[in-house]
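All chains should be modelled from the sequences, with the hints used to inform the complete structure.
Residue numbers (this note's numbering), protein chains in the order written: chain G, 2 to 234; chain W, 2 to 234; chain C, 2 to 234; chain Z, 2 to 234; chain F, 2 to 234; chain A, 2 to 234.
Honestly, the hints are just simulated from the structure, not real lab data. Check each hint, because a few of them may be wrong.
Treat identical chains as interchangeable: a pair holds within one or across any two.
What the hints assert, rightly or not - Result set (BS3-like, lysine-lysine): computed pairs, CA atoms no more than 30 Å apart in a straight line:
1) Lys42 - Lys203
2) Lys60 - Lys203
3) Lys24 - Lys42
4) Lys193 - Lys109
5) Lys193 - Lys60
6) Lys24 - Lys60
7) Lys42 - Lys109
8) Lys203 - Lys109
9) Lys42 - Lys193
10) Lys193 - Lys203
11) Lys24 - Lys203
None of these values were measured; they are calculated from a predicted model.
There are 6 protein chains.
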Amino acid sequence: MANDIQARLPAIGTPTLSSQLIKHGLRQSYLSGPRRLIGEKTVCGPAFTLRFVPARDDKAVPASYGWPGALPAAIDAAPPGSIVVIDARGHPAAGTVGDIFADRLRLKGVKAIVSDGVVRDLPGLRQVGLAIWASGTASPPSIGGLSFAGWGEPIGCGDAAIWPGDLIVADEDGVLVVPPELAEAVAIGGEKQNRFELWVQKRVAAGAQLVGLYPANETTLAEFDADDAARTA
Amino acid sequence: MANDIQARLPAIGTPTLSSQLIKHGLRQSYLSGPRRLIGEKTVCGPAFTLRFVPARDDKAVPASYGWPGALPAAIDAAPPGSIVVIDARGHPAAGTVGDIFADRLRLKGVKAIVSDGVVRDLPGLRQVGLAIWASGTASPPSIGGLSFAGWGEPIGCGDAAIWPGDLIVADEDGVLVVPPELAEAVAIGGEKQNRFELWVQKRVAAGAQLVGLYPANETTLAEFDADDAARTA
Amino acid sequence: MANDIQARLPAIGTPTLSSQLIKHGLRQSYLSGPRRLIGEKTVCGPAFTLRFVPARDDKAVPASYGWPGALPAAIDAAPPGSIVVIDARGHPAAGTVGDIFADRLRLKGVKAIVSDGVVRDLPGLRQVGLAIWASGTASPPSIGGLSFAGWGEPIGCGDAAIWPGDLIVADEDGVLVVPPELAEAVAIGGEKQNRFELWVQKRVAAGAQLVGLYPANETTLAEFDADDAARTA
Amino acid sequence: MANDIQARLPAIGTPTLSSQLIKHGLRQSYLSGPRRLIGEKTVCGPAFTLRFVPARDDKAVPASYGWPGALPAAIDAAPPGSIVVIDARGHPAAGTVGDIFADRLRLKGVKAIVSDGVVRDLPGLRQVGLAIWASGTASPPSIGGLSFAGWGEPIGCGDAAIWPGDLIVADEDGVLVVPPELAEAVAIGGEKQNRFELWVQKRVAAGAQLVGLYPANETTLAEFDADDAARTA
Amino acid sequence: MANDIQARLPAIGTPTLSSQLIKHGLRQSYLSGPRRLIGEKTVCGPAFTLRFVPARDDKAVPASYGWPGALPAAIDAAPPGSIVVIDARGHPAAGTVGDIFADRLRLKGVKAIVSDGVVRDLPGLRQVGLAIWASGTASPPSIGGLSFAGWGEPIGCGDAAIWPGDLIVADEDGVLVVPPELAEAVAIGGEKQNRFELWVQKRVAAGAQLVGLYPANETTLAEFDADDAARTA
Amino acid sequence: MANDIQARLPAIGTPTLSSQLIKHGLRQSYLSGPRRLIGEKTVCGPAFTLRFVPARDDKAVPASYGWPGALPAAIDAAPPGSIVVIDARGHPAAGTVGDIFADRLRLKGVKAIVSDGVVRDLPGLRQVGLAIWASGTASPPSIGGLSFAGWGEPIGCGDAAIWPGDLIVADEDGVLVVPPELAEAVAIGGEKQNRFELWVQKRVAAGAQLVGLYPANETTLAEFDADDAARTA
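What follows is the structure in structure tokens.
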């Protein structure tokens, strides 16, 4: 079912999923900041989290990559099918991912990278081709502004909180986090919402006014439910 | 004449118009924030204003669309030929316009949407094709961060103030507000400024230095005025 | 040698150069803010600096261009082969460069413009074709928010400090400042780093893990050095 | 009862009230920005709203005060017992209230002024003595950065939304908005919460650990309820 | 007369002076950011400007103080009676002034320090007692985030532009810059405005409404002018 | 020795310590943001870290306090003599500490609380009396904007990185982090620097100029070293 969900959610799209999450009381599931830099497809997968803290000159040195829990070990540990989500504290000038890390992740079967900070070496990253959502690009490496702090932990990313294993959905409008236990309900609600919006679009195209139609009043809902039942019967 | 002005201002372009407005003492007529997301043409029309305030959980719910003065009624009320200008308080993650609202506006003859916040469902909006200037795109609906407060009022948008009926001009450089009572003077001044800049460009291309030429000293102005009079004679 | 360096640095690219500068203790050499607006090539040249301060209504008037030390004189003074670097204090809505200034600079042999503020008349600037890195575009002229203060001085640009004559390197990832006295050392180190990264990429493509490889431990470094010596022998 | 509520809410305090509002699903009821500048008491009263938009040079002139709906008329219209809440769009350098406006409001029986912007003439305002919560102080008048847009409308203030008549509670920790229809429930819940916290404080002072105590598990709650019932019996 | 002006302007106060400057078309004369940290009196004097740019590790070292144009030489050069105005680019964590520099300035007869950044060693600065307006306090020295770039130049400070020799007026509401050529006109206008506001305060205290009174309509102005002429006769 | 260092560092003060840390290459050891809210003394102790991420409505509920790793357990685990350092991601409106948590920490022998966010119930916290450095105060509880994520981890706080056990020094100028392995060297250097600055202050008070004196040239240093050796002999 998990794989099934990972196919259904991208087909619904993040705008509709966001509306459904709000209906379930989740108002902070959108990652404000990351936008699509590389890739054309909508992706969905469980989050594998990386966490950075601000740089400290005695920690943010090339030698700091050497310890067992350091960033290279984290990259090596990213599981196939996951989406790597990076808490870069929104740093605008410390690129946490370059082409070598990205290619390693691609070869491991990771689906995408999401960061609230920047990536570096955009031409190289394009050659690698792994899908990336980030806030932009910059030249300096992560140690130019950040220190790696750990992986597999709860993180903040783009003012949303991500727990490891949360479902991530990312498309041209941005990135959403979906708690796994809500995924099925959100998918069912979202698929119906999309059918409803298609039905509304035709009415609007035919000149209908919005009041009463969208959002729907009871009459409209009854009409849609009848049409929807007939079509899906 | 109003229609005439609405044809002349776009031909002048927002950079020249902005310089002219400064000459008339208007230093805050540029809407800092909105940039062109959809559309290739320069547009001009009177502002139809929508106003949002921050979300409040007891107001920002789907049911809040139901009252007579709510957002759907405002969309239905937008007049043909107008430009819908949205005060979204610069919210980066609450999309005040999606494809259904945009298509309804397009069918009503609205020329463009301008917002200091974000829009949602960018692929759907591209299909609709209505011209849009906004600060970006995001997945959540307006109720994810904003509550609708009213329409047809003075608003702030991108650190500029817009009164209903003000002329809006938007092109690739951004969006300007032009008070209607200044439009004729600004158009005349702008058309002359553009003729002057073309005249300057030729001199620069021929190797002239800028000092004395641009901005022009009295000798330069006299030369230009003579050439301009000859050409337009 | 200076010209040689100006050819070698762009071939290395700003991400690698940034890493090298950090190895030399320079952690603030990246200009956070300016991004590539016009041009496809990497550029390198000595900085020619322009400095703006906030607008003051008694200074920021068209007549303020008239004095001998004003902006037009500064543009006329830009030396061939230089890169014009503008301290616009990050102003988002005061375009310090338009098409006439850009064309004059292009004709003088200037290689590029870099600004932490915005430029104006993007269509006109594209026609001119001079390479530009800036934080965006806006309609108003510089006097809409800034006053010109001088040229050939130390400036801040994008949270980096630029001294006149510093080497500037700009590519798709952004803009770096390289102190001339470090350029040779940075070039040698950067060229070796790029050879090393190509060598690593092949190993990663072959399935190697990152731990021990990148960053390299002593074994890896010895292997690379042997391969590198063999290849360059 | 309304007056009774206006006495009970200040005795509870904004921290406890804020927790209660969250329990009712209201997560955006705190006005982030305004802090106590003048006054020592906690105040509570219905909101009387003023709204500003960014300055425009053709509107933000002294003469703009002359029309019937202008700021002086709004000040004259403020009802006794109300709290004037000002949407100044967080402007840091345009003082919307000085000593003359404040004294007029004090004489009309207004309880306090709340603004997400700044006030001006702090020594004069101290002499007037009307309680003020704002983001700071600045010299320029409102027309230095803002234009008055209207009163008695829904506004944003400090990232919260205020509808006219909402209850405002302000103390040293800041300013809250309480929807009138929730006030009674929030007061009852808050009074009990404060009794509970006093009960907890004694246990903590006696050396109790927090786990299980605060927040309370079921055993703790049962103990408190028994003690609370005994005391209020 | 200059000294006379320097006595008259503080007696008027920055709120009134700011209104007068707006009447003369100067809308950016307030230094948004610096607030009074040390001192109780209003000060006025000509600006002596210091300018910093962002730190660069090869420039921002203790040795950088050694060159003839460095910060110590600038401090030594500050003229008696002046106000030292520092362009620290608003840096929140690089203290450009500590107790030794402040005491040297005090002994030289400098009246005050104004900075859009922070100062350091607040207890030491209090002992020195020189009046200071700044955005706060921090521990690190200037080289922790800034490099000294020069003195006696036009600068930006708190989003205002300061030319050397401009008059600075600073009180509890903040800091204003007054162009010397406008000082006399502003003083005359400000003194009359203050007499008018005292006259209005009495009417307000007597229960007058604001509409027509403040701002004044023609009747009110005539009444005030008559009273004012009688009093000053 | 650790205790000895914890007595010596506060006597040196954060401005001098910050200069010493820069001499050791540590440029990001100041916590920009937290300022002294409660307490008059300088404190020093090892960091005990708490970490928050943005709120998520399915995590940030009162029930979220119940799990074994939750915030109450973290508070109970804070060791005597430590300083609790909170990564609140700079949230301006979610108070991570109130009077009950503060009193529990005080009774456990914790020396102070440092947060880059806000605290709540300032009157209650004053009664508790535990020293607090934070960015301000607000009414809402942590769950109003944050979710607790763990303790005893590396964190970011005020743009500095804190590893558990790092030494924290906090006084009126702000908060510094000192890596334990550098503490002895920094203390020795700082004590000498303070003796030097006292020596300089006397010279400045006697009218000496700064150039050559502060920072010191070789002659000055030799004079000071001779005096210092004589005094400490």
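Hints and how they fare:
1. Taking the closest pair of Cα atoms, Lys42 and Lys203 come within 30 Å of each other both inside a single copy (26 Å) and across two copies (27 Å).
2. Proximity of Lys60 to Lys203 under the C-alpha cut-off of 30 Å is restricted to the inter-copy arrangement: shortest distance 29 Å between copies versus 59 Å within a copy.
3. Proximity of Lys24 and Lys42 under a CA criterion of 30 Å is satisfied intra-copy only: 26 Å inside one chain copy versus 38 Å between copies.
4. In the homo-oligomer, the alpha carbons of Lys193 and Lys109 lie at most 30 Å apart only across protomers (28 Å), although the nearest pairing inside one protomer, at 35 Å, exceeds that limit.
5. In this assembly of identical chains, Lys193 and Lys60 lie within 30 Å of each other by CA distance solely across copies; the values are 24 Å between and 51 Å within a copy.
6. When the C-alpha separation of Lys24 and Lys60 is checked against a cutoff of 30 Å, the pair qualifies only between copies, where the shortest distance is 14 Å, while the shortest distance within a copy is 44 Å.
7. For the homomeric pair Lys42 and Lys109, the shortest alpha-carbon distance inside one copy (19 Å) is at most 30 Å, but the shortest distance between copies (33 Å) is not.
8. Taking CA atoms no more than 30 Å apart as the test, Lys203 paired with Lys109 passes between copies only; the shortest distance there is 15 Å, against 44 Å inside one copy.
9. Only within a single protomer do Lys42 and Lys193 lie at most 30 Å apart by alpha-carbon distance; the minimum there is 22 Å, versus 37 Å between protomers.
10. Within a single copy, Lys193 and Lys203 get their C-alpha atoms as close as 16 Å, which meets the 30 Å cut-off; across copies the closest is 48 Å, which misses it.
11. For a Cα distance limit of 30 Å, the shortest separation of Lys24 from Lys203 inside one copy, 25 Å, qualifies, whereas the shortest one across copies, 41 Å, does not.
Checked against the numbered hints above, the structure violates none of them.
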